[in-house]
Amino acid sequence: GAGVSQTPSNKVTEKGKYVELRCDPISGHTALYWYRQSLGQGPEFLIYFQGTGAADDSGLPNDRFFAVRPEGSVSTLKIQRTERGDSAVYLCASSLTPRNEQFFGPGTRLTVL
Amino acid sequence: DQQVKQNSPSLSVQEGRISILNCDYTNSMFDYFLWYKKYPAEGPTFLISISSIKDKNEDGRFTVFLNKSAKHLSLHIVPSQPGDSAVYFCAASGDNTNAGKSTFGDGTTLTVKP
Numbered sequence: 088g089a090g091v092s093q094t095p096s097n098k099v100t101e102k103g104k105y106v107e108l109r110c111d112p113i114s115g116h117t118a119l120y121w122y123r124q125s126l127g128q129g130p131e132f133l134i135y136f137q138g139t140g141a142a143d144d145s146g147l148p149n150d151r152f153f154a155v156r157p158e159g160s161v162s163t164l165k166i167q168r169t170e171r172g173d174s175a176v177y178l179c180a181s182s183l184t185p186r187n188e189q190f191f192g193p194g195t196r197l198t199v200l
Numbered sequence: 002d003q004q005v006k007q008n009s010p011s012l013s014v015q016e017g018r019i020s021i022l023n024c025d026y027t028n029s030m031f032d033y034f035l036w037y038k039k040y041p042a043e044g045p046t047f048l049i050s051i052s053s054i055k056d057k058n059e060d061g062r063f064t065v066f067l068n069k070s071a072k073h074l075s076l077h078i079v080p081s082q083p084g085d086s087a088v089y090f091c092a093a094s095g096d097n098t099n100a101g102k103s104t105f106g107d108g109t110t111l112t113v114k115p
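First to last, the protein sequences are chains A and B. All residue numbers for the first sequence refer to this note's numbering, where the first residue is 88 and numbers rise by one. All residue numbers for the second sequence refer to this note's numbering, where the first residue is 2 and numbers rise by one.
No lab work stands behind these hints: they were computed from the structure. Among these hints, one or two may not hold up.
No more than 35 Å apart at the CA atoms, straight line, and that leaves these computed lysine-lysine pairs for DSBU-like [what the hints assert, rightly or not]: (1) K6(B) - K69(B); (2) K69(B) - K57(B); (3) K55(B) - K39(B); (4) K102(B) - K104(A); (5) K72(B) - K55(B); (6) K98(A) - K39(B); (7) K57(B) - K6(B); (8) K98(A) - K102(B); (9) K114(B) - K69(B); (10) K165(A) - K114(B); (11) K102(A) - K165(A); (12) K6(B) - K39(B); (13) K57(B) - K39(B); (14) K102(B) - K55(B); (15) K6(B) - K72(B); (16) K165(A) - K98(A); (17) K165(A) - K102(B); (18) K39(B) - K104(A); (19) K114(B) - K55(B); (20) K165(A) - K6(B); (21) K98(A) - K6(B); (22) K114(B) - K57(B); (23) K102(A) - K39(B); (24) K102(B) - K57(B); (25) K114(B) - K72(B); (26) K57(B) - K72(B); (27) K6(B) - K55(B); (28) K102(B) - K6(B); (29) K102(A) - K102(B); (30) K114(B) - K6(B); (31) K165(A) - K104(A); (32) K72(B) - K102(B); (33) K6(B) - K102(A).
This one's a predicted model, so the numbers in the text were calculated from it and none came from an experiment.
So here's chain A without its partners, still in its complex pose (with noise of 0.2 Å):
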C-alpha cells in the first residue's frame, strides 16, 4: 500500500510569509506526527494528533507554528511569518497506535529567504 506522502517536496518562500505545508499518512493510522529536521541534527518533535486531536503540542516552538488534523486523516502545518531560522526538512510520520513504530514520509524541506 501507500507509504506517507507529504507535499509539497520542496518549498522556499521569504521571509514574513505564510506557508502550509500537507500530510497524508498510512490509511488506517490513527497517530500522526510532525517533526522538524535541522542539519546534522535528529528529527525534532513538534506536535502529535491522536484521530483528530492534536495529543501533544509541546514541541511547537512558538504561536507561529500551528497544526490540524480535521477528519482524522490528512494533516497540515502551518507556520505564520516565516523565519529565517524555520529553515529545515519538516517530517511527517503516522503509525497505527502511540507505541507503534512510525512510518516516516519523504519530507518537505522549507528554505525561507
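Starting from the known structure of chain A, arrange chain B on it as the hints suggest.
Just chain B, lined up with the frame of chain A:
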C-alpha cells in the same frame, strides 16, 4: 538539555564485520526505544525496537541491547553489508501518557566499506 545522545557522529567498518552503534539517554521515564535508518533524501525507516522490560531484541542481522542501569543501548549489525551505509537514529519514548512523543538522537553515519 539533550535527553538522547549518540556520541559518535560517524563509524566506518569493513564489510562482513560487526557494526556497533551506541546511544545514551538521561530520562529515566523512557521505557521504549527504537532505531531508525535514514538514506539521503528519504525519511527515516524503522529498524528495530526494545521495551524496557527486555534487555535484548534480535531481528535477523540486527540486535539491540538495553542496559537500563547505565541508561545505554546499542545496535549491533552483523555481518555488516555495504547497503547498511546510512544514518542511524536512536529514539526513545516515555510511558503511556507520553507514548507518542519520541525523542531522537542526532544520528551516527555508518559507512560499510566493501
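Cross-check of the supplied hints:
1. K6(B) - K69(B): Measuring from Cα to Cα gives roughly 15 Å; hence the hint holds.
2. K69(B) - K57(B): holds (11 Å)
3. K55(B) - K39(B): holds (25 Å)
4. K102(B) - K104(A): Given that 35 Å is the threshold and the Cα spacing comes to 29 Å, the pair holds.
5. K72(B) - K55(B): holds (13 Å)
6. K98(A) - K39(B): Roughly 21 Å separates the two Cα atoms, so the pair holds.
7. K57(B) - K6(B): This hinted pair holds, its Cα atoms lying about 20 Å apart.
8. K98(A) - K102(B): holds (26 Å)
9. K114(B) - K69(B): holds (32 Å)
10. K165(A) - K114(B): violated (42 Å)
11. K102(A) - K165(A): holds (15 Å)
12. K6(B) - K39(B): Judged against 35 Å, a Cα distance of about 17 Å means the pair holds.
13. K57(B) - K39(B): With a Cα-Cα distance of about 23 Å, the restraint between K57(B) and K39(B) holds, given a limit of 35 Å.
14. K102(B) - K55(B): holds (21 Å)
15. K6(B) - K72(B): holds (11 Å)
16. K165(A) - K98(A): holds (13 Å)
17. K165(A) - K102(B): holds (20 Å)
18. K39(B) - K104(A): Status holds; Cα separation ~31 Å.
19. K114(B) - K55(B): holds (32 Å)
20. K165(A) - K6(B): holds (30 Å)
21. K98(A) - K6(B): Answer holds: K98(A) to K6(B) is near 30 Å, not above 35 Å.
22. K114(B) - K57(B): holds (27 Å)
23. K102(A) - K39(B): holds (30 Å)
24. K102(B) - K57(B): Roughly 23 Å between the alpha carbons, so the hint for K102(B) and K57(B) holds.
25. K114(B) - K72(B): holds (31 Å)
26. K57(B) - K72(B): Holds: K57(B) and K72(B) sit about 14 Å apart, inside 35 Å.
27. K6(B) - K55(B): Between K6(B) and K55(B) the Cα gap is close to 21 Å, so the pair holds against 35 Å.
28. K102(B) - K6(B): holds (16 Å)
29. K102(A) - K102(B): Cα-Cα ~30 Å, so holds.
30. K114(B) - K6(B): Holds: K114(B) and K6(B) sit about 25 Å apart, inside 35 Å.
31. K165(A) - K104(A): Holds, at roughly 11 Å.
32. K72(B) - K102(B): holds (19 Å)
33. K6(B) - K102(A): holds (33 Å)
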